[in-house]
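Trainee: What follows is the residue order along each chain.
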Amino acid sequence: MKMITAVIQPFKLDEVREALGEVGVQGLTVMEVRGFGRQRGHKEIYRGAEYAVAFVPKIRLEAAVPDALVERVVEAILKHGRTGKVGDGKIFVYELTQVLRIRTGEQNEAAL
Amino acid sequence: MVNQLTRFAAVGLLLLAAQLTPAQTPSTEAPASAASASAPEAPAAAEATAASAATPPAASTSEPSLILNSQINSGDTAWMLASMALVLMMTVPGLALFYGGMVRKKNILATLMQSFAITCLITILWYVAGYSLAFTPGTPWIGGLSRLFMDGVIYVKDVAAVAATKDAPAVAAVVGKVSVSHLGVTIPETVYSMFQLTFAIITPALICGAFAERMKFSAMLWFMGVWSLIVYAPIAHWMWEPTGWGAAAGVLDFAGGTVVHINAGIAALACALVLGKRVGYPREPMPPHNLVLTVIGASLLWVGWFGFNAGSAVAADGRAGMAMAVTQIATAAAALAWMFTEWLVKGKPSVLGIASGAVAGLVAITPASGFVMPTPSVFIGVAAGVVCFFAATSLKRALGYDDSLDAFGVHCVGGIVGALLTGVFASTALDGGVTGSLLTQLKAVAATVVYGFVVSYIILKAIDLTIGLRVSEEEEREGLDVSLHGEHVE
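Listed in order, the protein sequences are those of chains H and L. Residue 105 in our numbering is what sits at position 105 of the first sequence, and the numbering runs on without skipping anything. If you want our numbering, it's the 1-based position in the second sequence plus 1000.
Isolated chain L, as found in the complex (with noise of 0.2 Å):
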């Protein structure tokens, strides 16, 4: 790291001391052109560029590399920057509208501040050490630490000439470079890192639907703040880095559906039972204050799960493309699924309903979304809409559990539908498509649930010996809002 920084200052003192502009104009073709803009510059200095842009780098596919600025993929590059955007969006406001609209009144600003607070909280963690230990090699459960802090994750600008000074050929192994993950070699690490920081985001966010309307800020922040080191991280880097223990068996996931929503609904039913259920729960009536809000989510997360789906192609491709075709049809289908079920079951088709079958279909879609053609996701989201509306229903009632806003009904449900179709439909008539394993997709669904719950729970039972979980019944019954925040809608 020290190293590092006496590079940075010493291309900067160079910077500011030569007043320059960009010498290169971006390329697709990268040696050649390199070569020949750094050819008229001072001998000292075009020895050394010309020396490492005569054999223009390969991106390494096994961990975080140097190649040059010019190797990036433009087009690639500004589909991930838009795909990052849009899944924060999922999570503000998309997510904390979709649960704040489903509290009670008391409660929303309460709901809207877990997922706000959730977002900076991740952020910070991620670049110290969640990035690092998800999508570094390591070992087969957990990554290393060589990009703790971030370290080597850069972007350095070209330069006309790199000084001839003693620091020089340590300049020039970084000038004109951008680092890459193995895991997008066509686009900057930096957007990579931050695209999935936005699902690092999202995942414990999710698990506040469990516990709504009865945790503790604090011990919320405590434990998402581990949960993300201890649980979403390692299964990250099980299921998605290359040298995982399930990417190395084969197991399908493409955007999520262990890592985020079997991962995020299994640690809600923990919340949900180690908690306890809301007082009142469930003589009460505790219906939705504002479904305005609810549906206003839903559909941000909808049209952010284009970034979550389609941007998990890490490209601007026909892969990309068929994600987002089998995203949409798949969620549609689940929505009317839901929909008709709910009004042949209850009697009348429900707003909330159809928004909560949206988002089934969303969930069970997402490890699918690489993998499967048109005509199975229609089945997806149909088996999603059908199994999801039960498991929030019927399933929850007869259990007793009070999973508030159907984390774990959704999510871990559908996800495990998902999970488990990807497993039968997974085409290899798609581009980079596999044959799937039921079986193998089947393990990876067991792990998380076991690993999951387990260590959530712990981390559950931890906080609450030590500061407690639960607010008390007349903070609970005056309303978080004004218990925990001072604040009040009115």
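The shape of chain H in the complex, shown without the other chains (with noise of 0.2 Å):
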């Protein structure tokens, strides 16, 4: 099993969902954060005290994916979030060692 942790444009949040509910994703996990790659900030001013704003909001999404579904997974999410400008984010990918279900105590691919 893998860990598919992705950074998106919070814009793409609803585009990536989708498609990844059709690829057949049971369950996600979604962040607001802020970061940066390559991105640049920006700079706020009040009251002429000028501070550089180093970080972007962003989207952070989680989902625990068995390993068969992995490179459909990764693909989706590449196609959907992207724009092609700077900004668009990363995909990572853990090894999962193991999941369980609260609510049943069911284990790992049952989990899933």
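In short, the hints are calculated from the structure, not lab data. Just so it is clear, CB atoms sit at the ideal spot from N, CA and C, and this is done for glycine as well. Careful, some of the hints might be misleading.
Here are the computed distance ranges between Cβ atoms for each label pair [stated by the list, open to error]:
hint, chain 1, residue 1, chain 2, residue 2, range
1, L, Trp1343, H, Asp14, 46 to 52 Å
2, H, Pro10, L, Gly1276, 39 to 45 Å
3, L, Thr1061, H, Glu44, 42 to 48 Å
4, L, Val1351, H, Phe36, 41 to 47 Å
In the SDA-like style, the derived pairs of lysine to any residue whose C-alpha atoms are separated by at most 20 Å in a straight line are [as the list claims (entries may be wrong)]:
hint, chain 1, residue 1, chain 2, residue 2
5, L, Lys1348, H, Val74
6, H, Lys85, H, Tyr51
7, L, Lys1346, L, Ser1299
8, L, Lys1346, H, Ala52
9, L, Lys1348, H, Gly48
10, L, Lys1346, H, His42
Hints given; two lone chains; assemble the complex.
Mentor: The following block contains the structure:
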């Protein structure tokens, strides 16, 4: 099993979520985060005091998927999260050692 | 005071015994109707009331006095009742939100608490001593104690008959009468004193902008309480009490350019210097956490300010109307002036900028509002907008003090701009208008700045030596909401 984490543009969330649903992903966790890669932040001014704001708002999503689904999930995020401009984000794939469903106690593939 | 209580008790018992309804209908022609209304009454009572009604009291113009209820002007009173509420709204929640939105989220509750607590504290102190010290004749430097605990501020309903008891003469002397201030002879003294209270409330609340995010709540309460009695009350007395040295010298301060804004602003500077900079200032970013609140606050200030300026006419008349008009025009001019200046100098017109510009305009037009015509008010607004922009940005950065929310930069500087321009633009064309003197205005500004700064400094030092002014660095890092009040906003 793999944990797939993706940092994407906030306005791409709906499109990516629908695509993942079509590919067979059953569950998702979504967080509002701030970050930067190659994308520059911006400047803010309050009564003459200038602040360089380095961070840009992003969405981070996480999905635990069975190995068989990983390639299609990654492709879906790549296709629907891309705008072609700097700031599109990244995908991280982690090895997942154990997954349990809290309600029933089911483990691993059965819990996905 | 004991005699007064006896009087009240006597009247109270009379009212209960007679199961009264008011004997007189309100009228602006006091003497004739008073005499005729009381004519059919029981002989002894008629004698007592007729004797006092036959010669209607003329309100004194030098000290508070008693007049007939029927001599009160209901239009003026209605407007002043509304003005009191408008100016109170300027502090809660106007100023509270204006400042609250500008601080970091971890300090917002503490900032709101300052305005709210000051409102409550100053109310009590004003009732106890502030009103008397400010608005009774006394000396040219400070008022007397005749209105301590608002003693003598009374309203006594009319009664159909004053029972022939040994107290009858004393009771008859106040029946159907209300006290008025010499500064507002057509409205009840209760209304005048409470209207002035709202000014006494907002002045210390303005100072909070200078020491935002780092002052102990207990120290703040002590400072504001003492300050309101030994700085605010005297300066109000100087400039507004007719025998005060400022008023007698011809200082023009219609609604509080010196008394409120320069006063609060220079005390703010003293606070910023004595308390020192916030931890991390100016390296660490400390942007406003919610300018929506600040805009709401600025808007409430603008709307409430009509009570502040037009209400200072203490009448519902043309002077109030002109004060309202020049207030609106100057404020709009100042807001645009700040906005365009910032657009030019910094590249973008900011929301915080236009709101600050509006407040600067409101401050500057305050001393001038009852003395100038519309066209000069545009000039006053523009001057305030531009000068205060540079005071709050370049000047502050150049001199390095942490006047966190620009209480000095906007209120002291804006107040000085307004006070001086009042001397330039005061017009004889206005009813009650006078010619201004730049030199007299300068004297008033200087006196306020020097006295205000020195005494504020002393009070601060005294508090610092006893209980301490600032929170610890850990408390400041954690945030005042949690450290001082045990609360937080999600």
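Trainee: A separate judgement is required for each hint: does it hold in the structure or not?
Mentor: We went through each hint and held it up to the structure:
1. L:Trp1343 with H:Asp14: 46 to 52 Å: 36 Å, violated
2. H:Pro10 with L:Gly1276: 39 to 45 Å: 41 Å, holds
3. L:Thr1061 with H:Glu44: 42 to 48 Å: Violated: the Cβ-Cβ distance is about 55 Å, outside 42 to 48 Å.
4. L:Val1351 with H:Phe36: 41 to 47 Å: Because 25 Å falls outside the window, the suggested range is violated.
5. L:Lys1348 with H:Val74: The given pair, whose Cα atoms are some 41 Å apart, is violated under the 20 Å limit.
6. H:Lys85 with H:Tyr51: 25 Å, violated
7. L:Lys1346 with L:Ser1299: Judged against 20 Å, a Cα distance of about 24 Å means the pair is violated.
8. L:Lys1346 with H:Ala52: 14 Å, holds
9. L:Lys1348 with H:Gly48: 11 Å, holds
10. L:Lys1346 with H:His42: 14 Å, holds
Comparing the model with each numbered hint stated earlier shows that hints 1, 3, 4, 5, 6, 7 do not hold.
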